[in-house]
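**Student:** Residue numbers (numbering that gives the first Met the number 0), protein chains in the order written: chain A, 0 to 330; chain B, 0 to 70.
Hints are computed from structural coordinates only; laboratory data are not their basis.
The beta carbon of each residue, even a glycine, is placed where N, CA and C say it ideally should be.
Be aware that a few hints might be false.
Said to hold, decoys possible - Now the in silico label distances, taken between C-beta atoms and shown as ranges:
no., chain 1, residue 1, chain 2, residue 2, range
1, B, A7, A, E101, 58 to 66 Å
2, A, A39, B, T3, 46 to 54 Å
3, B, Q6, A, E269, 46 to 54 Å
4, A, M240, B, T3, 38 to 46 Å
5, A, V196, B, Q6, 32 to 40 Å
6, A, R233, B, R13, 32 to 40 Å
7, A, M240, B, M0, 53 to 61 Å
8, A, E62, B, Q6, 31 to 39 Å
9, A, S234, B, E11, 23 to 31 Å
10, A, Y217, B, M0, 28 to 36 Å
11, A, E269, B, T3, 50 to 58 Å
12, A, E62, B, M0, 42 to 50 Å
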Amino acid sequence: MPKLEAGHSGNRITFGCSDLNSLAQAFVEIDLAIESDWIAAGRIPAALVDSVFRRFLWNRGQEVIAEHFELYLTLGESIFDARYSDSGADSNGQLFLVLNTESSFPLGVGSTIEELETCHEGMGAAFYDTLRQALYRWIRVYDDHDASYRIEQMVEWAEGEDDPDSYEIPKRDQDLPQCLRSGESAESRRSLDSFPVPAEPRLKDLIETALELHRASYSMERPRVDEEWLEYQRSYYSLDMPLPSVLLYFRPGDAVMACFDDECGYWGQETPEPNLIIPFRPSDPGSVRQAFTVLETVMRVLVLTTRIKTLIEDGEKAKCDSASTSEANSN
Amino acid sequence: MPDTSKQALLQEIRESEGRQASANPLTDLMLRWLECKDSQEASSALARALSLQGSGDPVFPGPGIWPIPPA
């Protein structure tokens, strides 16, 4: 099981030799493996499959992603660990690449949204929409919409109690950046690429990276999983919602974070559905190629997300340094 | 990669599947079990197969290894 971690510590191949052999052949067919790889793998299909995965992930930013995200990429004949079930037989000749998360990658965007709004009105909101939409195509994001839903639940619960006012319920609206308070939907706002690029190099880089993220995310359709089959898996195994791979908040301690912390206590009680399921047929080189193209897209999306975080943090650090210098000078 | 080399490599990978299977002692025993006509003999072959690792060492060290069937 290749893991999106730098160390590559774990391997567990639980499906049959026949699938591995087919997959190894498909790798050769689509030029992901050549004769020297086969020799280096000791002429063992499982070892070839393993080495091709490792190389593929490494060459597409695995190290950068693993520095920020705690994601697990699993190859198997089930969409979750089915050691104690009999689900292996229902995969219908398919294998699955499955992306799960262990913890959520926190991305604070409040100050950046406001900074962009000072460049051009509407640009901060457009940046937020672009980021959310690009990420949400591939992974679950916990954001102010989730917080809003959680707050509604909290209000309902509190109303059922004897003393509803004694419950401290986060207030989302006061934590939203001003430009997002209007309630205007993302669809009715201007798109990010319609704004002039900021002159400041860091903001320019930020906007260009966000636009590249958007392009990468929309360059490929999310793989389709048979809905009926997925529904069966959900109900038979009581699958919970996927754990969020990204926490998109505005400020430390804001309502989004408070709701996230509140919900964290309930996660993990049921098996979560994976963030992403990439089904493919190991005997069909075209299907394997498509699965790897999807995987490449996801990795590009994740790499660009880490780049955005770095740019945001660089900006915040520069502001802190500048504030410290001003304070020192005034003293 | 030239097409002839690719075809040769694909052939080699295909053939490796049978090679791997026959290199696994468990597979051999399972095949014997499948060929057994007598159910008692089949059970014994299966028990032996399941209790051996690839190295030939027993997986389960002592007696009482099989779960008690439900009444």
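**Student:** Mind listing which of the numbered hints don't hold for this structure, in increasing order?
**Tutor:** Violated hints (numbers, rising): 1, 2, 4, 5, 7, 9, 12; every other hint is consistent with the structure.
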